[in-house]
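There are 2 protein chains.
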Amino acid sequence: MLTSAAYARTHAARFLEELKALLRIPSVSTLPEHKGDVRKAAEWLAAELKRIGMENVRLVETAGHPLVYADWLHAEGRPTALCYGHYDVQPPDPLEEWISPPFVPTERNGNLYARGAVDDKGQMYMHLKALESLFAAHQGRLPVNVRVILEGEEEVGGESIAKFIREHPEQLKADFALVSDTEMFAPELPTLCVGLRGMIYTEIEARGAKTDLHSGMYGGAAPNPFVALAQIIAQLKDKDGRILIPGFYDRVKAPDAEELKAWKRLPFDEEHYRKTEIGSLQLTGESGYSVLERTWARPTLDVHGMPGGFTGAGAKTVIPAKATAKISMRLVPEMTPQEAFSQYKRYVESLTPAGIELDVRLIHAGDPIVVGTENPYIQAATRALKQVWGTEAVFVRSGGSIPVVGDFERHLKVPTVMMGFGLPDDNLHAPNEKFHLANFYRGIESIITFFEELAK
Amino acid sequence: MLTSAAYARTHAARFLEELKALLRIPSVSTLPEHKGDVRKAAEWLAAELKRIGMENVRLVETAGHPLVYADWLHAEGRPTALCYGHYDVQPPDPLEEWISPPFVPTERNGNLYARGAVDDKGQMYMHLKALESLFAAHQGRLPVNVRVILEGEEEVGGESIAKFIREHPEQLKADFALVSDTEMFAPELPTLCVGLRGMIYTEIEARGAKTDLHSGMYGGAAPNPFVALAQIIAQLKDKDGRILIPGFYDRVKAPDAEELKAWKRLPFDEEHYRKTEIGSLQLTGESGYSVLERTWARPTLDVHGMPGGFTGAGAKTVIPAKATAKISMRLVPEMTPQEAFSQYKRYVESLTPAGIELDVRLIHAGDPIVVGTENPYIQAATRALKQVWGTEAVFVRSGGSIPVVGDFERHLKVPTVMMGFGLPDDNLHAPNEKFHLANFYRGIESIITFFEELAK
Numbered sequence: 001m002l003t004s005a006a007y008a009r010t011h012a013a014r015f016l017e018e019l020k021a022l023l024r025i026p027s028v029s030t031l032p033e034h035k036g037d038v039r040k041a042a043e044w045l046a047a048e049l050k051r052i053g054m055e056n057v058r059l060v061e062t063a064g065h066p067l068v069y070a071d072w073l074h075a076e077g078r079p080t081a082l083c084y085g086h087y088d089v090q091p092p093d094p095l096e097e098w099i100s101p102p103f104v105p106t107e108r109n110g111n112l113y114a115r116g117a118v119d120d121k122g123q124m125y126m127h128l129k130a131l132e133s134l135f136a137a138h139q140g141r142l143p144v145n146v147r148v149i150l151e152g153e154e155e156v157g158g159e160s161i162a163k164f165i166r167e168h169p170e171q172l173k174a175d176f177a178l179v180s181d182t183e184m185f186a187p188e189l190p191t192l193c194v195g196l197r198g199m200i201y202t203e204i205e206a207r208g209a210k211t212d213l214h215s216g217m218y219g220g221a222a223p224n225p226f227v228a229l230a231q232i233i234a235q236l237k238d239k240d241g242r243i244l245i246p247g248f249y250d251r252v253k254a255p256d257a258e259e260l261k262a263w264k265r266l267p268f269d270e271e272h273y274r275k276t277e278i279g280s281l282q283l284t285g286e287s288g289y290s291v292l293e294r295t296w297a298r299p300t301l302d303v304h305g306m307p308g309g310f311t312g313a314g315a316k317t318v319i320p321a322k323a324t325a326k327i328s329m330r331l332v333p334e335m336t337p338q339e340a341f342s343q344y345k346r347y348v349e350s351l352t353p354a355g356i357e358l359d360v361r362l363i364h365a366g367d368p369i370v371v372g373t374e375n376p377y378i379q380a381a382t383r384a385l386k387q388v389w390g391t392e393a394v395f396v397r398s399g400g401s402i403p404v405v406g407d408f409e410r411h412l413k414v415p416t417v418m419m420g421f422g423l424p425d426d427n428l429h430a431p432n433e434k435f436h437l438a439n440f441y442r443g444i445e446s447i448i449t450f451f452e453e454l455a456k
Numbered sequence: 001m002l003t004s005a006a007y008a009r010t011h012a013a014r015f016l017e018e019l020k021a022l023l024r025i026p027s028v029s030t031l032p033e034h035k036g037d038v039r040k041a042a043e044w045l046a047a048e049l050k051r052i053g054m055e056n057v058r059l060v061e062t063a064g065h066p067l068v069y070a071d072w073l074h075a076e077g078r079p080t081a082l083c084y085g086h087y088d089v090q091p092p093d094p095l096e097e098w099i100s101p102p103f104v105p106t107e108r109n110g111n112l113y114a115r116g117a118v119d120d121k122g123q124m125y126m127h128l129k130a131l132e133s134l135f136a137a138h139q140g141r142l143p144v145n146v147r148v149i150l151e152g153e154e155e156v157g158g159e160s161i162a163k164f165i166r167e168h169p170e171q172l173k174a175d176f177a178l179v180s181d182t183e184m185f186a187p188e189l190p191t192l193c194v195g196l197r198g199m200i201y202t203e204i205e206a207r208g209a210k211t212d213l214h215s216g217m218y219g220g221a222a223p224n225p226f227v228a229l230a231q232i233i234a235q236l237k238d239k240d241g242r243i244l245i246p247g248f249y250d251r252v253k254a255p256d257a258e259e260l261k262a263w264k265r266l267p268f269d270e271e272h273y274r275k276t277e278i279g280s281l282q283l284t285g286e287s288g289y290s291v292l293e294r295t296w297a298r299p300t301l302d303v304h305g306m307p308g309g310f311t312g313a314g315a316k317t318v319i320p321a322k323a324t325a326k327i328s329m330r331l332v333p334e335m336t337p338q339e340a341f342s343q344y345k346r347y348v349e350s351l352t353p354a355g356i357e358l359d360v361r362l363i364h365a366g367d368p369i370v371v372g373t374e375n376p377y378i379q380a381a382t383r384a385l386k387q388v389w390g391t392e393a394v395f396v397r398s399g400g401s402i403p404v405v406g407d408f409e410r411h412l413k414v415p416t417v418m419m420g421f422g423l424p425d426d427n428l429h430a431p432n433e434k435f436h437l438a439n440f441y442r443g444i445e446s447i448i449t450f451f452e453e454l455a456k
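One line per chain: the protein sequences are P and Y, in this order. The C-terminal position of the first sequence is numbered 456 in my numbering, with every residue numbered one higher than the one before it. The C-terminal position of the second sequence is numbered 456 in my numbering, with every residue numbered one higher than the one before it.
Honestly, I wouldn't trust all of these hints.
In the EDC-like style, the derived pairs of lysine to aspartate or glutamate whose C-alpha atoms are separated by at most 20 Å in a straight line are [stated by the list, open to error]: (1) Y:K173 x Y:D93; (2) Y:K261 x Y:E277; (3) P:K322 x Y:E374; (4) Y:K253 x Y:E374; (5) Y:K264 x Y:E293; (6) Y:K322 x P:E374; (7) P:K210 x Y:E277; (8) P:K239 x Y:E357; (9) P:K316 x Y:E159; (10) Y:K316 x Y:D212; (11) Y:K40 x Y:E76; (12) Y:K316 x P:E155; (13) P:K239 x Y:E155; (14) Y:K210 x Y:E409; (15) Y:K322 x P:E155; (16) P:K386 x P:E374; (17) Y:K210 x P:E96.
What follows is a set of in silico ranges between Cβ atoms, one per label pair, in the way DEER data are often shown [unchecked claim]: (18) Y:N375 x P:R346: 54 to 64 Å; (19) Y:G288 x P:E159: 50 to 60 Å; (20) Y:E357 x P:H364: 40 to 50 Å; (21) P:P431 x Y:E271: 52 to 62 Å; (22) P:E357 x Y:P424: 40 to 50 Å; (23) P:G314 x Y:P376: 37 to 47 Å; (24) Y:E357 x P:T3: 23 to 33 Å; (25) P:K163 x Y:E349: 31 to 41 Å; (26) Y:L73 x P:G314: 55 to 65 Å; (27) P:L244 x Y:E107: 36 to 46 Å; (28) Y:A186 x P:D250: 51 to 61 Å; (29) Y:D93 x P:E334: 33 to 43 Å; (30) P:H411 x Y:D93: 28 to 38 Å.
Note that these hints are calculated values from the structure, not bench results. We treat Cβ as the ideally placed atom computed from N, Cα and C, and that holds for glycine.
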């Protein structure tokens with residue numbers, strides 16, 4: 001009988017072909033015309049979960065796209081893992097920038113190119129293939145208890161899974177969650193993500209005149225909502241990127257000395273990052289903090305768009321009746337979205353320019369997360385990664401937000417192991433998304449080893 | 001034999017039916033699907049000019065929509081008028097707000113409702129009907145020499161007529177121009193417009209990262225073009241609306257004491273204007289200047305739109321690679337567009353935030369205009385208006401720009417008499433555009449009387 005890892009290696013070629021079949025389903029959750037494809041991907045995954053030996057496999061219908069649930073709970077006395085992944089993908093636009101078509105998975109230079117290759121179909125599929133290998137090597141059993149929950153709305157806000165977790169926490173009872181939707185800090189450097197920023201996503205609507213006005217006739221008497229928004233935004237951050245909202249930094253908890261020391265040891269070349277990842281003349285942000293601190297452990301504020309008025313080519317001389325700014329803030333421990341939004345709203349309203357009425361709205365919020373590194377699941381993950389990669393795993397944070405991790409913490413009271421195998425240049429949400437094939441295979445082995453470690 | 005005015009009165013009903021026929025042609029110059037309709041309106045007008053007795057009637061082909069030219073030059077020793085008008089109209093959107101359809105001219109409450117009713121088909125048609133009445137009363141002759149030039153691109157920038165004036169000034173040789181595309185200051189108050197603001201319409205493009213970035217991953221390190229634009233815009237005007245561009249006010253020439261005194265006598269109720277025309281909480285603009293000064297005789301700066309980034313519903317956490325601000329400034333005598341733009345560009349560039357590259361572009365420019373009130377044409381117009389309306393005409397300025405008036409001044413070296421009969425609530429460029437019918441008829445009589453005055 002093969003070991004689980006040997007089984008995975010023996011069947012690697014088939015695993016890859018199966019993943020390609022999944023990637024061929026254009027399960028773009030935001031586009032109504034792909035609704036059927038999203039369901040097809042869910043059904044495909046449910047069938048595969050059944051085939052490998054998972055039990056109670058079912059589609060959970062929601063107001064949006066279905067969830068896929070499965071479990072195997074016969075490892076008495078052993079911990080229970082909750083494996084999470086998402087089978088929906090971002091739209092593939094702009095199509096013309098893809099070297100091979102987004103839904104025709106193509107191997108090139110040791111990578112698999114396709115929309116969803118790494119985010120998250122490829123990474124989610126590692127879980128399934130690890131489970132298949134474990135079943136095969138353990139006489140149809142698993143070394144730990146496992147629940148699987150897959151969603152089809154991660155790219156559109158994840159409302160259905162949030163509702164399901166909130167309303168049915170008992171159906172997802174587990175000791176920890178496993179999420180493979182993050183990346184490695186660098187190639188060959190096994191990485192556990194132990195912190196995520198939270199966020200509040202807001203809109204400020206500024207209204208001036210009752211109707212659009214001609215700037216020739218009324219310029220000099222009518223308030224201009226865009227000028228008002230610009231005046232407000234200019235007072236939200238100073239030139240060094242420090243947020244000026246009173247009280248905003250009061251609860252910010254700096255990473256401890258050990259975590260900061262570990263970040264300093266990470267292979268990070270600021271000039272390379274500026275040139276290849278950002279591509280701007282210079283980096284910006286608060287002085288006195290490293291790039292990793294600024295993007296992982298400091299709150300930030302960004303403007304995403306300013307709809308309203310005239311945005312076509314050429315000249316139209318309108319003073320728009322209203323304009324909107326889409327503004328989000330990233331939050332770090334121990335900030336809370338509720339408090340941050342109320343500080344922000346109060347401050348913005350205090351800046352209201354003459355003649356303008358403001359409406360400050362919260363669109364979306366998520367808590368910041370820090371997972372302690374001392375829990376047994378992170379410890380087991382660390383040991384497993386060391387075995388498979390031959391290198392000590394690093395602990396990083398991510399500047400982004402994965403709201404479901406906050407839901408796991410809040411409603412299931414479990415920590416999440418964020419063990420991801422993407423690479424920084426995998427082109428998430430962009431043309432030519434890829435997954436490095438060696439990482440797909442080693443990811444499967446890492447998860448196998450992690451689960452076997454937990455059974456020791 | 002009837003006098004010209006009596007002829008006009010006798011044929012008023014027919015004049016109106018003819019205007020309705022013209023208004024039924026949807027000559028929307030900006031919409032390619034109406035290209036044929038724009039030409040149809042030009043041909044309709046050419047036929048009418050021929051019918052009433054004008055000579056050398058022709059369509060002048062251009063890169064865009066045709067010009068319509070006609071003349072009658074047999075009044076030896078008498079001045080030559082250049083009658084200008086435009087037969088193109090604004091798009092009618094939003095259609096659902098029209099009480100009667102925009103291209104079904106409808107009489108209601110003494111008004112004629114239709115797109116183009118006042119801007120400018122109805123006002124232009126007054127010229128033609130005045131000429132017809134004069135021909136009828138003067139044995140097939142006119143009391144002055146007349147050239148007519150009509151354009152079909154006023155609502156889209158007027159490039160073709162500008163080119164024609166520049167290249168063929170001898171074909172439009174005249175002593176003065178007559179433009180009826182302005183409004184009366186108040187009902188029953190005959191008005192001559194003797195000043196227009198100029199303008200520069202610009203774009204500032206701000207570029208940060210080489211590509212759109214995720215604000216979670218990169219917020220805190222990547223420059224944000226919208227924040228950069230907001231910081232710049234906030235430094236263009238202070239909170240009182242005073243423009244902060246160095247040197248911008250250096251050439252501003254205040255209206256003389258007499259003009260200012262005359263403006264103070266105009267029937268203007270600031271609170272009524274705020275409520276009914278603007279509809280904002282309060283009026284804005286430079287303190288120490290009246291609303292009329294601020295909108296007629298002071299430079300202003302407005303932001304019209306800020307394309308870029310994410311403008312859809314909901315949340316997308318993008319730090320856009322670039323964003324643009326569409327910004328225009330209104331200019332007053334003796335400012336020049338060239339100097340104003342170079343002051344603006346230099347100042348904006350000096351404000352460039354860290355990590356940002358700017359491109360400051362001029363899209364469109366027009367000179368400010370002031371017509372002296374002492375020239376014989378304005379004087380004759382004043383006498384004519386007094387005769388027809390029984391009230392002394394007022395001299396006003398307009399905050400808007402009519403570029404063709406600058407072209408007449410620059411290339412033909414002639415002053416323009418801006419004698420318009422629109423009303424402030426005529427809904428130009430908006431749903432339910434109208435022309436007060438009494439003004440249509442009295443406008444025709446005013447023009448008849450003006451031309452007869454000039455022959456005295």
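Evaluation of the provided hints:
1. At roughly 38 Å between alpha-carbon atoms, Y:K173 and Y:D93 are farther apart than 20 Å, so this suggested pair is violated.
2. Distance restraint check for Y:K261 and Y:E277: the Cα-Cα separation of roughly 24 Å exceeds the 20 Å cut-off, and the hinted pair is therefore not satisfied.
3. For the given pair, P:K322 sits about 43 Å from Y:E374 by alpha-carbon distance, which is inconsistent with the 20 Å threshold.
4. With a C-alpha separation of about 19 Å, the suggested pair Y:K253 and Y:E374 falls inside the 20 Å cut-off, and the hint holds.
5. With a C-alpha separation of about 10 Å, the suggested pairing of Y:K264 with Y:E293 holds against the 20 Å cut-off.
6. Only pairs whose Cα atoms come within 20 Å are accepted, and Y:K322 paired with P:E374 is rejected, the gap being roughly 43 Å.
7. Only pairs whose Cα atoms come within 20 Å are accepted, and P:K210 paired with Y:E277 is accepted, the gap being roughly 8 Å.
8. This hinted pair checks out: P:K239 and Y:E357 have alpha carbons roughly 16 Å apart, not beyond 20 Å.
9. Simply put, P:K316 and Y:E159 have alpha-carbon atoms about 15 Å apart, close enough for the 20 Å limit, and the pair holds.
10. A C-alpha spacing of about 11 Å is found between Y:K316 and Y:D212, which places the hinted pair at or below 20 Å, so the restraint holds.
11. A hinted pair counts as satisfied when its Cα atoms are at most 20 Å apart, and Y:K40 with Y:E76 does not qualify at roughly 34 Å.
12. With a CA separation close to 10 Å, the supplied pair Y:K316 and P:E155 stays within the 20 Å bound.
13. In summary, the hint linking P:K239 to Y:E155 is not supported, as the alpha carbons are separated by about 41 Å, beyond the 20 Å threshold.
14. Between the alpha carbons of Y:K210 and Y:E409 the distance comes to roughly 47 Å, so the proposed pair goes past 20 Å and is violated.
15. The straight-line distance between the Cα atoms of Y:K322 and P:E155 is roughly 23 Å, outside the 20 Å bound, and the hint therefore fails.
16. Proximity of P:K386 to P:E374 is assessed by CA-CA distance (about 16 Å); at most 20 Å being required, the pair is judged to hold.
17. Annotation: proposed proximity of Y:K210 to P:E96 holds, straight-line Cα distance about 18 Å (limit 20 Å).
18. Take Y:N375 and P:R346: their Cβ atoms lie about 59 Å apart, and the range 54 to 64 Å holds.
19. A hinted range of 50 to 60 Å for the beta carbons of Y:G288 and P:E159 is consistent with their spacing of about 54 Å.
20. Checking the proposed 40 to 50 Å range against Y:E357 and P:H364 shows it is violated: the Cβ atoms sit about 31 Å from each other.
21. Between P:P431 and Y:E271 the CB atoms are about 57 Å apart, so this pair conforms to the stated range of 52 to 62 Å.
22. At about 24 Å, the CB distance of P:E357 to Y:P424 disagrees with the hint of 40 to 50 Å.
23. Between P:G314 and Y:P376 the CB atoms are about 39 Å apart, so this pair conforms to the stated range of 37 to 47 Å.
24. Restraint check, Y:E357 to P:T3: a C-beta distance of roughly 56 Å breaks the suggested window 23 to 33 Å.
25. Evaluation of the 31 to 41 Å hint for P:K163 and Y:E349 yields a failure: the beta carbon distance comes to about 51 Å.
26. Taking the beta carbon of each, Y:L73 and P:G314 are about 38 Å apart, not inside 55 to 65 Å as hinted.
27. Take P:L244 and Y:E107: their Cβ atoms lie about 58 Å apart, and the range 36 to 46 Å is violated.
28. For the hinted restraint 51 to 61 Å between Y:A186 and P:D250, the CB-CB distance of approximately 57 Å keeps it satisfied.
29. Against the hinted window of 33 to 43 Å, the Cβ-Cβ separation of Y:D93 and P:E334 comes to about 50 Å, which falls outside the hint.
30. Distance hint for P:H411 and Y:D93: a CB-CB separation of about 48 Å, inconsistent with the stated range 28 to 38 Å.
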